[in-house]
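Participant: Listed in order, the protein sequences are those of chains L and F. First residue of the first sequence: 211, per the working numbering; consecutive thereafter. First residue of the second sequence: 30, per the working numbering; consecutive thereafter.
Hints in this document: simulated from the structure, not taken from any laboratory. Some hints here could point you the wrong way.
[What the hints assert, rightly or not] Taking lysine to aspartate or glutamate pairs in the EDC-like style, the calculated list, with each CA pair at most 16 Å apart, reads:
1) F/LYS595 - F/GLU617
2) L/LYS350 - F/ASP639
3) F/LYS628 - L/GLU300
4) F/LYS346 - L/ASP227
5) F/LYS323 - L/GLU223
6) F/LYS325 - L/GLU235
7) F/LYS323 - L/ASP227
8) F/LYS346 - L/GLU259
9) F/LYS325 - L/GLU223
10) F/LYS499 - L/ASP322
11) F/LYS584 - L/GLU300
12) F/LYS325 - L/ASP339
13) L/LYS340 - F/GLU617
14) F/LYS628 - L/GLU259
15) L/LYS340 - F/GLU70
16) F/LYS280 - F/GLU237
17) F/LYS628 - L/GLU303
[Unchecked claim] Quick look at which bits of chain L chain F covers, simulated, 3 or more residues with Cβ under 8 Å:
18) 217-223
19) 238-249
20) 256-268
21) 295-302
22) 307-319
23) 332-339
24) 345-353
Every residue gets a Cβ at the ideal spot worked out from N, C-alpha and C, and that includes glycine.
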Amino acid sequence: MSDTIDLIFEKYERAQDQLIPILQEVQRQYGYVSPEAVKKISRYLKITENQIYGVSSFYAQFRFSAPGRHSIRVCLGTACHVRGGATLLEMLERELDIKCGDTTSDKRFDLDRVACLGCCALSPVVQIDKDIYSRMTVTKLAELLKSYE
Amino acid sequence: MNKLKNKITLAKNKWKDLEDNKIPIIFVGAASCGRAAGALELMPEIEKFIGEHNINAEILQVGCIGPCYLEPLVDIKMPGQPRISYSNVNAKVLSNILKSHLLDGIPYTRAAIGNFSKNTFMDIPPLFEHPMLKPQVRIVLRNCGIINPEDIDHYLATDGYQGFMNALTKTPEEVIGIVRQAGLRGRGGAGFPTYKKWTVCRNAPGDEKYLICNADEGDPGAFMNRSLIESDPHAVLEGMLIAGYAIGANKGIVYIRAEYPLAIERLKKAISQMREYGLLGKNILKSNFSFDIKIKEGAGAFVCGEETALIASIEGKRGMPRSRPPFPAISGLFGCPTIINNVETLGTLPNILRNGADWYNRFGKEGNRGTKTFSLVGKIRRSGLIEVQLGTTLREIIFDIGGGVQKNFKAIQTGGPSGGCLSEEFLDLPVDYESLAAAGSIMGSGGLIVMDEDTCVVDVAKYFLDFTQKESCGKCIPCRVGTKHMVEILDRITKGEGNTEDLLTLRNLGDTIKKGALCGLGQTAPNPVLTTLRYFRNEYLEHIKEGRCRAVVCKSLIEYRVIKEKCTGCQSCVRVCPTGAISGPRSEPHNLDPTKCIKCRSCYEICRFDAIAGDAIVIRTAEKRS
Ligand SMILES: Cc1cc2nc3c(=O)[nH]c(=O)nc-3n(C[C@H](O)[C@H](O)[C@H](O)COP(=O)(O)O)c2cc1C
Ligand code: SF4
Ligand code: SF4
Ligand code: FES
Ligand code: FES
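Bound-form chain L, shown alone (with noise of 0.2 Å):
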């Protein structure tokens, strides 16, 4: 990692307005935000881990550990509440036996909620990687998760 983190570096200034940036460009090269990322960015900006951490956590976007090899997103926007959102995320945590924000075991699938896709139109929806599935059913979803390995 330590080359292509120094890659990412170069992009970015010394300066506390760059820390989320970098962490943003962290997490999307890598899928999260490692300990030793949190390092090297408080070396280079000069700024504690502690810091970082305490930033980092404050936003929901920024995980902490590996994601798993699909995530889904499962909106729980008002459009996707009002429509059973909720029912959707609940079979996500049974059939894959983790609760939301965590990664299965076997790295299959990472699950978390997000709130609206902005496709409130078509709800309740579920995104899985960059696809995002619309009119959604506990049935369908079933069905879905088998397509991905």
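Here the structure of chain L is known, so what remains is to put chain F with the ligands in place on it, guided by the hints.
Facilitator: The following block gives chain F with the ligands in isolation, referenced to the frame of chain L:
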């Protein structure tokens, strides 16, 4: 300026070529919602078809025209004919459309929803006569779904950047004066007069000033800002130029949710086109005005929509609000005078500067001038993105534009988690800042959630409060602790374990939080509960006294049952039940053991969609407790 004038001439010609097209043009609605409905999968199909038939045609991706419930939308414009819009275009419909319209030159009327001219064409009515579109006044959304958002020429050809050029011929003070005369109020929620904060910032000492476009769109059920950026990014960027010029800022920042990748991509493209056309940088169009725009991605915190939290977040800190004064207009980002405006506020500016304050005053009503965009969703027939004059009634929005409710209307939530839930008696309420506030709700940024008899208002109130509770930054005790306490009480009530005292406690807590919270998040968080308590008290009481959820939503208060007379014993449900709650020999009515059932809905869906019986499994309010 001359360089741009040339570009505009070229752009107008290019647009004219589109209108007098020599080859067929196919427009695919490819904003996020169109994509979710499968619009992108249609692209290769179209390409294959025109390849196979050797047709010379152009394919363009456009944004969202509004009736998202009809997605995917595809338009075809044949030479010499008006553009025709088709809805619900799946692979099969697409192939029919292409065969009929592209090959044979006959519009496929069965899937056509309208044509873009003012007259009926071959039995297809004008699109803007469609009941969802007709009552709307499209000012901010004027280009959405019509132009190619990735082509600055399309924007220029439709008088884009004209407003900014007009602004440059005036002093910043004159520009502020026009915005004042226009009566523009901030569209981010509070409706604060735009000219007022601009004036403060304009007069604030300091060479370095910032203009921030707030594209955080935190309301979890609203997508107006996203749609506008995806469909017409230059409108917002032109607005930033105008605002920057007026307040004397040289630096612009778009603070946008990371969850909006397509909008971010389109902004980036648009910004680089601006640069190429000399619309950003030093001494823009040979004026004294220099301006640049950067994009900052939000990191997923609702509270960062609040101005001071947003600033903290851009500075690389935890996004916590701070007390005011000093107001950001005097001391904001990095201590510099800063104006934060909402996407829609900015998107409105080019229209005002292009057409004048008097023109803008023709829309809306005294004190509430102009239009407002809304995302109309929930249990509504025609959901999507709309724009109406301020002062339009809820009834017009729900029934004329939205086509009414799927079942019986129950309530409408305006203002998202900060707003209120209004009952039927408010249907004739004009949608303006003051009327909504008087009813205990707010205008908010434009989320409208329609609820019918199948929606439980107690559940919805709990949902919103749970959302704001989780998003509270934790700085003030009333907000942090109070909302948590309220959620606990609501949770008890939805489980049928509440008591009538709870209702009083909820109200008192709500009032305390509203008074004691530092920022808008806390100050408005109790609204959904307070309004439902006021307008739907009976539903709370039913949960408490009868253990009954009339909407059959609250999980603890419902049960699944097999209707013996209807069950054919097909065993479909037995196979899907994760807990083995259903049993019964094949071809005989099944038995559902309520003690094992976890209410997962699987059997219900299977029976409805896959089984012969169709409706043998019902969800209903649980037997009355003793
Ligand atoms: C918790 C909270 C969230 C907010 N979220 C947004 C938002 O997502 N978008 C927005 O434009 N304004 C939001 N606002 C309002 C902004 O703080 C600010 O008033 C607005 O962006 C000003 O722009 P305007 O004057 O053009 O309306 C929010 C306010 C609060 C308190
Ligand atoms: S009201 Fe809530 S969100 Fe706002 S500053 Fe206080 S604790 Fe934070
Ligand atoms: S709702 Fe789920 S758990 Fe209950 S009987 Fe049906 S399938 Fe089984
Ligand atoms: S609420 Fe789920 S897409 Fe908007
Ligand atoms: S996103 Fe396509 S019509 Fe709304």
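Participant: So, for every hint listed, does it hold in this structure?
Facilitator: Hints and how they fare:
no.	hint	result
1	F/LYS595 - F/GLU617	holds (10 Å)
2	L/LYS350 - F/ASP639	holds (12 Å)
3	F/LYS628 - L/GLU300	holds (10 Å)
4	F/LYS346 - L/ASP227	holds (8 Å)
5	F/LYS323 - L/GLU223	holds (15 Å)
6	F/LYS325 - L/GLU235	holds (12 Å)
7	F/LYS323 - L/ASP227	holds (13 Å)
8	F/LYS346 - L/GLU259	holds (13 Å)
9	F/LYS325 - L/GLU223	holds (15 Å)
10	F/LYS499 - L/ASP322	holds (15 Å)
11	F/LYS584 - L/GLU300	holds (12 Å)
12	F/LYS325 - L/ASP339	violated (23 Å)
13	L/LYS340 - F/GLU617	violated (44 Å)
14	F/LYS628 - L/GLU259	violated (45 Å)
15	L/LYS340 - F/GLU70	holds (14 Å)
16	F/LYS280 - F/GLU237	holds (8 Å)
17	F/LYS628 - L/GLU303	holds (14 Å)
18	217-223	violated (count 0)
19	238-249	violated (count 0)
20	256-268	holds (count 3)
21	295-302	holds (count 3)
22	307-319	violated (count 0)
23	332-339	holds (count 3)
24	345-353	holds (count 4)
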